[in-house]
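Please put together the full structure from these sequences, using the hints given.
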Amino acid sequence: MTEPLLEVRDLTVEFRSGGAWHPAVRNVDLSIAPRETLAVVGESGSGKSVTALAVMGLVPAPAGRIAAGSSIRLSGRELVGLGERELDRVRGDRVAMIFQEPMTALNPTMTVGEQVAESVRAHRGLGAQAARREALRVLDLVKVPSAARRMDDYPHQFSGGMRQRVMIAMALACHPAVLLADEPTTALDVTIQAQVLSLVEDLKREHGLGVLFITHNLGVVALIADRVAVMYAGEVVETAPAAELFETPRHPYTEALLASMPRVDRDVGALEPIQGNVPSIREIGPGCAFAPRCAHAQARCRESRPRLEPEGAARSVRCWLRTASP
Amino acid sequence: MGEFLLRRLALAVPTLLLAMTAVFLLARVVPGDPALVILGDQATQEALLALRVKLGLDRPLPAQYLDFLGGILRGDLGRSLITGKSVWAEVLAVIPYTLELTLAAIFLGVLFGVPLGVYAAVHRNALPDTLTRLFSLAGLSFPAFVSAVLLLLVFAIQLRWFPVISAPRAGDVLDHLRNLALPAANLGLIMTAYVTRVTRSSMLNVLGEDYVRTARAKGIGRRAVLWRHALRNALIPVATVVGLYLGTLIGNSVLTEIVFNRPGLGKLILGALNQRDYTLLQGLMVFFAGLIVLANAATDIAYGLIDPRVRYR
Numbered sequence: 001m002t003e004p005l006l007e008v009r010d011l012t013v014e015f016r017s018g019g020a021w022h023p024a025v026r027n028v029d030l031s032i033a034p035r036e037t038l039a040v041v042g043e044s045g046s047g048k049s050v051t052a053l054a055v056m057g058l059v060p061a062p063a064g065r066i067a068a069g070s071s072i073r074l075s076g077r078e079l080v081g082l083g084e085r086e087l088d089r090v091r092g093d094r095v096a097m098i099f100q101e102p103m104t105a106l107n108p109t110m111t112v113g114e115q116v117a118e119s120v121r122a123h124r125g126l127g128a129q130a131a132r133r134e135a136l137r138v139l140d141l142v143k144v145p146s147a148a149r150r151m152d153d154y155p156h157q158f159s160g161g162m163r164q165r166v167m168i169a170m171a172l173a174c175h176p177a178v179l180l181a182d183e184p185t186t187a188l189d190v191t192i193q194a195q196v197l198s199l200v201e202d203l204k205r206e207h208g209l210g211v212l213f214i215t216h217n218l219g220v221v222a223l224i225a226d227r228v229a230v231m232y233a234g235e236v237v238e239t240a241p242a243a244e245l246f247e248t249p250r251h252p253y254t255e256a257l258l259a260s261m262p263r264v265d266r267d268v269g270a271l272e273p274i275q276g277n278v279p280s281i282r283e284i285g286p287g288c289a290f291a292p293r294c295a296h297a298q299a300r301c302r303e304s305r306p307r308l309e310p311e312g313a314a315r316s317v318r319c320w321l322r323t324a325s326p
Numbered sequence: 001m002g003e004f005l006l007r008r009l010a011l012a013v014p015t016l017l018l019a020m021t022a023v024f025l026l027a028r029v030v031p032g033d034p035a036l037v038i039l040g041d042q043a044t045q046e047a048l049l050a051l052r053v054k055l056g057l058d059r060p061l062p063a064q065y066l067d068f069l070g071g072i073l074r075g076d077l078g079r080s081l082i083t084g085k086s087v088w089a090e091v092l093a094v095i096p097y098t099l100e101l102t103l104a105a106i107f108l109g110v111l112f113g114v115p116l117g118v119y120a121a122v123h124r125n126a127l128p129d130t131l132t133r134l135f136s137l138a139g140l141s142f143p144a145f146v147s148a149v150l151l152l153l154v155f156a157i158q159l160r161w162f163p164v165i166s167a168p169r170a171g172d173v174l175d176h177l178r179n180l181a182l183p184a185a186n187l188g189l190i191m192t193a194y195v196t197r198v199t200r201s202s203m204l205n206v207l208g209e210d211y212v213r214t215a216r217a218k219g220i221g222r223r224a225v226l227w228r229h230a231l232r233n234a235l236i237p238v239a240t241v242v243g244l245y246l247g248t249l250i251g252n253s254v255l256t257e258i259v260f261n262r263p264g265l266g267k268l269i270l271g272a273l274n275q276r277d278y279t280l281l282q283g284l285m286v287f288f289a290g291l292i293v294l295a296n297a298a299t300d301i302a303y304g305l306i307d308p309r310v311r312y313r
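Protein chains in written order, with the numbering used here: chain L, 1 to 326; chain B, 1 to 313.
Watch out, some of these pointers could steer you wrong.
To be verified - Stretch by stretch, here's where chain L covers chain B in the computed footprint (C-beta under 8 Å, at least three residues):
(1) 211-222
(2) 228-242
(3) 294-308
To be clear, the hints were calculated from the coordinates, so they are not data collected in a lab. As the structure is a prediction and not an experimental result, all values here were calculated from the model. Note that the Cβ used here is the ideal one computed from N, Cα and C, for glycine as well.
Listed below in structure tokens is the structure:
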């Protein structure tokens, strides 16, 4: 197996609320290999975005912090504990992020050309002219039509899909090893969604990117993911190759998630919503976080927290029912 | 941009018309016969009548209104009852002083207020922020004439760094600045307090925006995030506030001019009031209304320069 580009070990991110620290992300393990797309799925509030922000060193301080013992390695280099200056040399250069809202994630007072060029200037030390040429090249790469003319336009003059392309151009400007995409297509029309997804796919193949793709859309997962990590209440509850996850989900939450997914070949009546809500980070008990909503929960599920145990070579699951009777 | 400018200036026309109408009506509903006030109780009926005819007060209201507007359109703001000079001449004689004072105050306000506001926002809730907020609250709570007297007491009378009465020697730039210093500091203090507050809150808003996070994710460095990405957006409300505050600033400059005994629009208005120079007052009101409408238009135009979205709308 090739050396992972990104390796997250035992990541815990806490937020202060009411005078105490509560973990929003708990003991998360993830890894991404070159040319691999890892989809992170889960409901809102499951800690997907916080995990990505932690990798970028963008956990909002002083309300949030990465707990001691967490490790985030990028191409072997530890990122946890780096100062802002050192982080600035890594982010935007070796690891880049695309945010969810293309409408608000671009600066309204700068032209898109400036916004793409500035990261090239910062990381490659290019002059204004050279950076501009490079920005044009990247905008062409992400297929912004007549980029040469449009790079002097402002974000509000672009459509949502085009803005997301600009976001991708900004992220890819310095050829990062890892791309974090936080629901990049959620705010877009379905047809535009497909274009953006296939664009990310092409770039991954051509540039050997590792992609961490955050989504709550299982249809998108089926389309693009090589592997999937399912998150629930701040924990990874199951990881598996995408096809196997859809075929044989192992964690009760994954099962429930798949059962709640609308499909053309089944009636709406066959949909099974998951009862209850994701617990808030302040009210998670000592046991399995999913136990209160789990149809198969037993006494031990409520008392102690299961670990993420490997199942075979490529899968792992965090569930007492699976580890007890393999 | 040229079209945007024209459109914005065209928008000022109805506002101006409304303001002029208000001035006209105000001057007419004020109780008392101007002619009687001017000539006094002892005046003969003939003399009163002659003055009313001279002032055009004998004609019906709509005709007076049209005369008034026509005068303004020709750029004629009337004549002072006392000196007989045109309002324009009176205004032009003193406006450089007020303009100089107001611009100096805005300059000081932006020069100190913007960095202070940014600093406070970045160190939110820490000691520097608290101190900055205290300072700006104090600056805003002080009436201009009180701070003016305090400045005079400390810097002109105790320390003798600056003259008590502004009377610069002509042609001496340094002396001129020395005379400008205290009045400008007085207004500038208020302006700084104001700009600091607005910059701080605007900056706090902007720092929470998605695009600031995007900028940080690019690894371009803290300084670029702060000054290139955040400040430019944060300045939009600041520009508005500075523009809107221009009216208040002119009002405060009136008080400041009086305390520092400085020539300017303030002293002109005070003189007109004391001498019951109605025509001069009316002309000055028209002038002020026009000034404020223009200041607002200039604000919007500054908006367009900072925020491209306004320009293209």
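To see whether the hints hold, each was checked on the structure:
no. : hint    : result
1   : 211-222 : holds (count 11)
2   : 228-242 : holds (count 4)
3   : 294-308 : holds (count 3)
The structure meets every hint from the earlier list without exception.
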